[in-house]
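**Student:** Let's have the full structure, built from the sequences with the hints guiding it.
With the first letter of the sequence shown counted as 1, position 94 gets the number 94 in our numbering; the numbers rise by one all the way through.
Treat the hints as calculated values from the structure; they're not laboratory data.
Treat the hints loosely; a few may be bogus.
Computed spacing ranges between beta-carbons, pair by pair [as the list claims (entries may be wrong)]: (1) 8 with 122: 32 to 40 Å; (2) 182 with 241: 19 to 27 Å; (3) 50 with 84: 16 to 24 Å.
Small disclaimer: the values here were computed from a predicted structure and weren't measured.
Glycine included, every Cβ here is placed at the ideal spot set by N, Cα and C.
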Amino acid sequence: MSDNQNLLAEQRRALILDEVRRRGGVRVNELTRRLHVSDMTVRRDLDALARQGVVEKVHGGAVPVAAATTHEPGFEAKSALELGAKQDIARAAARMVPRGSAIALAGGTTVYALAQQLVEVAELTVVTNSVRVAEAFHAARRALAPSVHPARPGAATVVLTGGVRTPSDTLVGPVADAAIRSLHFDVLFIGVHGISADAGLSTPNLAEAETNRHFVRAARRVVVLADHTKWGTVGLSSFAALEEVDALVTDAGLPSAARTQITERGPAVVVAGEEDDGEADRDTDI
Numbered sequence: 001m002s003d004n005q006n007l008l009a010e011q012r013r014a015l016i017l018d019e020v021r022r023r024g025g026v027r028v029n030e031l032t033r034r035l036h037v038s039d040m041t042v043r044r045d046l047d048a049l050a051r052q053g054v055v056e057k058v059h060g061g062a063v064p065v066a067a068a069t070t071h072e073p074g075f076e077a078k079s080a081l082e083l084g085a086k087q088d089i090a091r092a093a094a095r096m097v098p099r100g101s102a103i104a105l106a107g108g109t110t111v112y113a114l115a116q117q118l119v120e121v122a123e124l125t126v127v128t129n130s131v132r133v134a135e136a137f138h139a140a141r142r143a144l145a146p147s148v149h150p151a152r153p154g155a156a157t158v159v160l161t162g163g164v165r166t167p168s169d170t171l172v173g174p175v176a177d178a179a180i181r182s183l184h185f186d187v188l189f190i191g192v193h194g195i196s197a198d199a200g201l202s203t204p205n206l207a208e209a210e211t212n213r214h215f216v217r218a219a220r221r222v223v224v225l226a227d228h229t230k231w232g233t234v235g236l237s238s239f240a241a242l243e244e245v246d247a248l249v250t251d252a253g254l255p256s257a258a259r260t261q262i263t264e265r266g267p268a269v270v271v272a273g274e275e276d277d278g279e280a281d282r283d284t285d286i
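**Tutor:** Below, the structure is given as structure tokens:
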């Protein structure tokens, strides 16, 4: 764990959570020594993580929360997890997006990070059921022209489906499903609650699972964005098998045995940071 005394609270809590998950629990006095912060600061961090529902406070420390298959964390709670990995994954995935293509961006915090990488890519058509993704493109346009909001030449065309909003700020249900069924995408980028060899891609939200199935059917290529902590997690409802996925973009924390299991089912595994950044090109199809 880092000894940087100037870590932001969000970064510090992400490090604490990673330590809790890796070791199965931590003690307050261990964290104060490793992070070089006060006992009170660590306790406040643990209180914040407990409110997010990702750790359980116990006497003298904290342990992981065993999430039920139906538990769906909110967008803000998930945003604080695996920050570095999500940014690395987003940068790697952005290089898979050719200029002028029609892409779908499903919900999730890693897909949101990708959207932030794509706001300057020319002539994209983006279909999304994520309120946060749509807001990212809108904010980029507004920043360039705060008074009149004109569509600049080459700016992305963003289509936000309707639907019922979930805790993850995605729109699902019959309205979203009908919109997606009528469209066709070059590439779908989708996040997951969990991914495993047997269950494939899964989510705790039944309506979201159905909407995701329509996304998968409408896309020529399917790219999953998932950090290593998603491997082995199974939500209530599966919406795609690994054989339906063309590529998984992940981080170096994914075990080699998991990479083998995934590639044996068909998807290519792209490990963010291990690809050759110097030769990557947005105009190269995946």
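**Student:** Taking the hints in turn, state whether each one holds.
**Tutor:** Hints, verified against the model:
no.: 1; hint: 8 with 122: 32 to 40 Å; verdict: holds, 33 Å
no.: 2; hint: 182 with 241: 19 to 27 Å; verdict: holds, 24 Å
no.: 3; hint: 50 with 84: 16 to 24 Å; verdict: holds, 23 Å
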